[in-house]
Amino acid sequence: MTSSLVYMMLSVLGPREAGGQCHRSFSRQGDPVLHLGLPVLQEKLQISTIEKQATTATGCHLLIRCKNFQLLQLIIPQERDCHDVYISLIRLTRPVKYEELYCFSFNPKLDKEEREQGWRLLDLSEEYQRMGLPDDHWQLSDVNRDYRVCDSYPTELYVPKSATAHIILGSSKFRSRRRFPALSYYSKENHASICRSSQPLSGFSARCLEDEQMLQAIRKANPGSDFIYVVDTRPKLNAMANRAAGKGYENEDNYSNIKFQFIGIENIHVMRNSLQKMLEVCELKSPSMSDFLWGLENSGWLRHIKAIMDAGAFIAKAVAEEGASVLVHCSDGWDRTAQVCSVASLLLDPHYRTLKGFMVLIEKDWISFGHKFNHRYGNLDGDPKEISPVIDQFIECVWQLMEQFPCAFEFNERFLIHIQHHIYSCQFGNFLCNSQKERRELKIQERTYSLWAHLWKNRADYMNPLFRADHSQTQGILRLPTAPCTFMYKFWSGMYNRFEKGLQPRQSVTDYLMAVKEETQQLEEELEALGERLEKIQKVQLNCSKVKSKPTEPSKHSGFSTSDNSAANTPQDYSGNMKSFPSRSPSQGDEDSALILTQDNLKSSDPDLSANSDQESGVEDLSCRSPSGGECAPSEDSAKDRDSDEAVFLMA
Amino acid sequence: MWWGGRGQSFNIAPQKEEPEMGETPLSSDYDFALVNIGQLEAVSSLSRVQLHRPGSLLKFIPEEILIHGRDFRLLRVGFEAGGLEPQAFQVTMAIVQARAQSSQNQQYSGITLSKAGQSSGSRKSPIPLLETPEDWETERKKQGANGWRVSLVNERFDVATSLPRYFWVPNRTLDSEVRRAFGHFHQGRGPRLSWHHPGGSDLLRCGGFYTASDPNKEDIRSVESMLQAGHSDVVLVDTMDELPSLADVQLAHLRLRALCLPDSSVSEDKWLSALEGTRWLDYVRSCLRKASDISVLVTSRVRSVVLQERGDRDFNGLLSSLVQLLSAPEARTLLGFQSLVQREWVVAGHPFLTRLGVTGVSEKAPVFLLFLDCVWQLLQQFPAEFEFSEFFLLALHDSVRVPDTLTFLRDNPWERGKQSGQFNSYTQVYTPGYSHPPAGNSVNAQLSVWDWDLRYSNEQILQFHNPGYDPERCQDSWLPRQQPSFMVRGPPSSVWLFSRGALTALNQLCPWRDSPCLLTVSSRWLPRPAISSESLADQEWGLPSHWGACPLPAGLLLPGYLGPQIRLWKRCYLRGRPEVQRGLSAPTITGLQDELSRLQELIEKWTPRTSPEDRSQKRDPNPILSQSC
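As you go down the protein sequences, you meet chains E and A in turn.
In terms of the UniProt record's numbering, the first sequence has 646 at position 646, counting the first letter as 1, and numbering is strictly consecutive.
In terms of the UniProt record's numbering, the second sequence has 242 at position 242, counting the first letter as 1, and numbering is strictly consecutive.
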């Protein structure tokens with residue numbers, strides 16, 4: 001049952017109406033894909049909910065909603081079968097142990113060394129060094145060694161130099177889940193910093209001297225400003241309600257020199273419902289203009305996105321323009337705080353707008369600071385009320401920024417979509433568990449592979465062709481408009497409708513530019529190789545001619561060749577090689593992302609495929625391919641292309 | 001005094017009040033046609049007053065004048081404090097008066113052409129203006145419309161003043177028949193060929209049947225044969241069905257403009273529903289949808305498709321042009337598109353002046369701007385298929401109110417010709433093929449809006465080209481089906497009415513009493529009943545066409561028209577709001593240029609250089625890069 005089910009599921013991975021295919025694959029013969037089993041199903045389908053719908057003449061309908069916003073409809077002729085499928089799917093897609101997740105069985109056939117290298121690709125201590133730490137004001141604290149103070153924090157934390165262990169401990173006791181203020185971002189130019197924590201346990205009147213000293217220490221660590229902002233990212237009402245539970249927010253009277261600020265970002269439950277409403281709009285078969293616009297507005301989704309952006313912009317402005325440090329918290333300091341801190345960092349520092357910088361940003365503000373990936377994205381069966389699209393919102397914020405600043409980001413939309421996909425896919429170990437501590441206990445790094453290495457390896461697919469490192473946009477802070485303009489925020493069709501081929505644009509300028517760029521690179525390399533070969537030949541000829549002592553001929557030869565060469569060097573006006581939009585058009589690109597795992601599987605189970613691409617024949621290979629280079633560019637091929645590019649490069 | 005647009009401003013020293021105009025093209029960012037002024041506001045720190053008439057009193061000295069353009073631009077003229085106040089007052093009142101005068105002279109009698117325009121005495125129009133039979137004949141041949149001929153019957157505008165002087169009618173129809181048949185259509189606008197599909201179908205347009213008339217059998221026969229155009233399958237398309245009325249379009253456009261004003265009072269949370277409330281996007285959507293369906297009708301089998309709108313001057317033009325853009329790669333080139341607009345809008349008698357101008361309020365409706373929006377949507381969806389760029393559409397959008405040429409400032413070709421003195425003597429002696437030289441004082445009739453170089457710099461004109469356009473792709477895929485276009489004698493075997501997204505069989509082609517009934521005629525092809533959500537393309541080529549499972553006919557584009565696919569043309573409508581433009585990384589037209597030139601630079605940089613080996617396979621130079629305008 002299970003295996004034919006899996007087979008069936010795989011066969012319907014295509015379009016949602018492909019009910020017809022089910023009949024064929026539902027014959028219980030052969031079970032050809034028995035070995036795929038649960039984990040693959042998990043990571044391929046990322047089933048979120050399964051709904052049994054009314055039986056019709058055609059059969060029983062199962063509606064499967066996936067976490068990657070895919071919607072599958074299965075039509076199964078027999079009611080009994082349908083029920084079986086339903087029951088087994090439910091059971092199958094609710095793993096209870098981490099070990100059942102795909103990443104523990106996923107094996108890309110890399111050796112131990114390569115795997116470790118993958119995990120070492122990003123190094124947070126390096127990132128802190130890049131920020132200029134430690135320095136006169138900030139130091140690495142070992143107070144959380146072995147997670148003694150806070151089990152959801154990382155061990156490596158930067159705190160103000162003047163904050164003693166006593167102060168930190170005291171402060172941690174006064175903060176929800178002991179998440180004391182720690183550094184998230186540091187601007188070495190003006191010494192302003194962004195710190196993060198959880199809410200204080202202030203109730204209606206409680207005080208804590210150490211916590212007050214902690215905030216003082218943060219203020220003093222920034223000699224340029226005589227106050228710090230304390231930003232509570234919750235709506236004021238929510239924060240007040242928390243006071244009744246002995247939690248709450250900082251009282252400006254108790255803390256000297258703070259400016260307290262509420263920024264109303266709603267809680268995870270509101271966000272979950274909002275997404276739900278928006279997805280309902282996405283599910284409409286043929287949405288009219290008013291269905292779409294009203295539905296989108298009523299979902300409130302874009303309003304929430306804007307709230308997060310506004311909070312990020314507020315903090316970025318405080319740090320960059322006022323030179324003031326900011327302490328950010330929400331309730332526990334792992335959802336809204338992570339969103340806001342990372343958006344602010346992204347606005348402030350161009351480094352985070354590069355491919356690697358962005359990965360570091362997620363590693364720092366989300367993974368290391370204990371964003372509860374397992375709970376929020378439901379990797380293991382758990383409380384459905386804990387599930388909420390927190391990091392999805394951050395990723396969308398980045399996309400909205402990319403739309404507003406098209407030249408400022410080194411990566412493209414596909415990069416974001418693939419990251420989102422893998423947060424749910426559990427193919428890589430990065431996003432497992434709820435904290436660093438849990439991940440260390442599970443020995444994630446020894447037993448699974450890192451997504452970042454995988455993305456980095458395929459980075460050519462994720463480059464934004466419009467990125468210009470020297471553009472004014474790419475330097476310094478990105479300034480969001482202060483005027484009210486909701487219309488800046490758009491519906492992200494590429495994410496939420498990514499499986500609706502009909503809704504996807506069929507041509508994209510980005511892909512076109514990428515294809516042209518790639519091809520040009522190939523040709524330039526080829527040109528270079530040929531140029532060198534020519535030189536060699538000329539030398540040989542020269543030698544020959546010297547031997548033969550015929551002075552006229554070589555000069556003729558060389559003259560001819562050089563002119564030829566220079567002609568080839570001038571920018572050509574030939575449209576001959578301008579490619580039509582390559583097959584990696586968004587619609588297919590999206591199919592790409594839907595089926596990305598197939599390709600990953602292929603690649604991973606068969607690393608030789610890409611690895612041993614004939615290095616010898618690189619040049620010939622290229623010249624054969626170049627005329628059609630743009631036409632066939634699924635990631636596998638491009639990976640191969642790159643390999644052979646490298647081969648050429650090596651030869652050259 | 002300082003001038004600024006979109007939040008950016010620069011100072012002009014007081015003594016140099018007239019900026020150097022020497023080489024500046026007319027359509028710089030700060031040129032504003034008087035008719036373009038939609039709203040004029042004087043602002044001081046204390047108050048804010050709207051100025052309507054020259055009589056309206058300005059009781060204070062303004063610090064700033066805000067000029068809201070009908071084309072969504074916003075011009076801010078600021079006056080620095082300190083010695084300039086009287087001038088501020090004078091300048092403001094001068095603008096108010098000039099504007100009032102221009103709106104009094106409704107006929108634009110005082111059209112003043114720029115130096116550039118007048119100096120270039122006789123110049124060749126960049127595209128055929130379709131004012132001579134030769135132009136029509138050339139175009140007919142280009143389309144391969146062999147069953148058609150150019151009719152001279154309206155050369156003196158005595159069939160209908162709103163019709164072009166020349167048009168295409170079936171070969172077999174005599175001019176006398178045409179004259180009689182056209183009399184039975186609203187305003188004499190009988191069926192004419194719009195476009196001949198290379199596969200054999202014909203797209204026709206005509207006005208509504210003039211039901212009050214009582215044509216004899218002869219006339220009915222010629223009307224029918226003209227509609228049938230030699231095909232056995234005829235589809236009448238009720239153009240107005242499911243499309244907005246003129247008043248709807250006008251209201252939507254006004255609402256859209258109000259919404260896009262920088263100080264619109266719409267609250268942030270309500271932006272999307274307010275946008276929906278304008279209905280503009282919905283109208284764009286219905287136009288695209290209908291055009292998509294009609295192109296399926298034209299492409300899927302050989303037949304005669306007749307667009308019928310009562311007046312035949314608004315949505316017929318819009319749909320006919322959209323259908324051609326969707327089905328004919330030729331129409332997506334820069335020249336092709338301009339010819340298309342010239343043919344289906346300008347010459348076909350779209351009443352530009354009434355619809356866009358200041359004459360009367362009743363009949364105003366920016367149908368043409370709606371069309372441009374539709375084209376922009378197509379450009380968004382198919383960025384590789386169009387030779388022209390968004391910049392070109394913007395330029396065209398802004399040109400409709402520039403009083404330089406008569407292209408958009410007349411309601412029909414007759415008035416246009418009258419003004420230019422083109423046929424001063426046509427009432428006296430008629431000489432075929434003889435065209436009079438333009439009379440001394442009047443506008444050079446040969447100048448049209450298509451003479452871009454009069455108003456735009458070469459650099460700007462270069463930006464009209466879409467760097468992503470890939471002509472080869474289109475040429476390759478453009479393989480006309482060489483089906484014999486057989487001429488059927490006798491009545492058509494099937495007649496359909498296309499309405500509400502489905503075909504229904506018609507009993508008779510014409511509504512008149514004597515019209516022959518077609519009930520007995522068996523139909524060759526019965527459409528299966530449409531499923532509500534199904535598009536015509538799905539019905540035609542199997543479900544669902546957008547999967548790409550079944551290849552669409554070559555050259556045909558099927559636009560998406562679901563809610564999420566229709567976008568707001570921000571670069572046009574939100575031009576007055578600086579924060580948006582920053583987002584689009586092109587705060588001004590100049591910024592847009594920069595952006596485009598950057599893109600082109602990239603393209604140039606990345607356009608594959610042919611290696612020595614490849615040079616033998618040299619192909620045509622890339623038009624984008626080699627065009628030296």
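Keep in mind that the hints were calculated from the coordinates and are not lab data.
Heads up, some of the hints might be wrong.
What the hints assert, rightly or not - Computed far set for chain A versus chain E, every beta-carbon distance over 10 Å:
id: 1; residue: Gly144
id: 2; residue: Arg179
id: 3; residue: Ser273
id: 4; residue: Glu276
id: 5; residue: Asn507
id: 6; residue: Ile566
id: 7; residue: Leu568
Unchecked claim - No more than 20 Å apart at the CA atoms, straight line, and that leaves these computed lysine to aspartate or glutamate pairs for EDC-like:
id: 8; chain 1: E; residue 1: Lys490; chain 2: A; residue 2: Asp248
id: 9; chain 1: E; residue 1: Lys517; chain 2: A; residue 2: Asp282
id: 10; chain 1: E; residue 1: Lys277; chain 2: A; residue 2: Asp269
id: 11; chain 1: A; residue 1: Lys270; chain 2: E; residue 2: Asp291
id: 12; chain 1: A; residue 1: Lys270; chain 2: E; residue 2: Glu266
id: 13; chain 1: E; residue 1: Lys247; chain 2: E; residue 2: Glu212
id: 14; chain 1: A; residue 1: Lys270; chain 2: E; residue 2: Glu212
id: 15; chain 1: E; residue 1: Lys372; chain 2: E; residue 2: Glu100
id: 16; chain 1: E; residue 1: Lys285; chain 2: A; residue 2: Asp269
id: 17; chain 1: E; residue 1: Lys188; chain 2: E; residue 2: Glu126
id: 18; chain 1: E; residue 1: Lys517; chain 2: A; residue 2: Asp269
id: 19; chain 1: E; residue 1: Lys490; chain 2: A; residue 2: Glu601
What the hints assert, rightly or not - Some chain A residues near chain E, calculated using beta-carbon distances under 8 Å:
id: 20; residue: Ile61
id: 21; residue: Pro198
id: 22; residue: Gly199
id: 23; residue: Met240
id: 24; residue: Glu268
id: 25; residue: Trp271
id: 26; residue: Leu378
id: 27; residue: Phe382
id: 28; residue: Pro383
id: 29; residue: Gly468
id: 30; residue: Gly563
id: 31; residue: Leu602
Backbone N, C-alpha and C fix where the C-beta goes; we use that ideal spot for every residue, glycine too.
Legend entry - Unmet hints by their number, sorted upward, for this structure: Going through the list in order, the structure violates hints 3, 4, 6, 7, 8, 9, 14, 16, 18, 19, 20, 21, 22, 23, 26 and respects the others.
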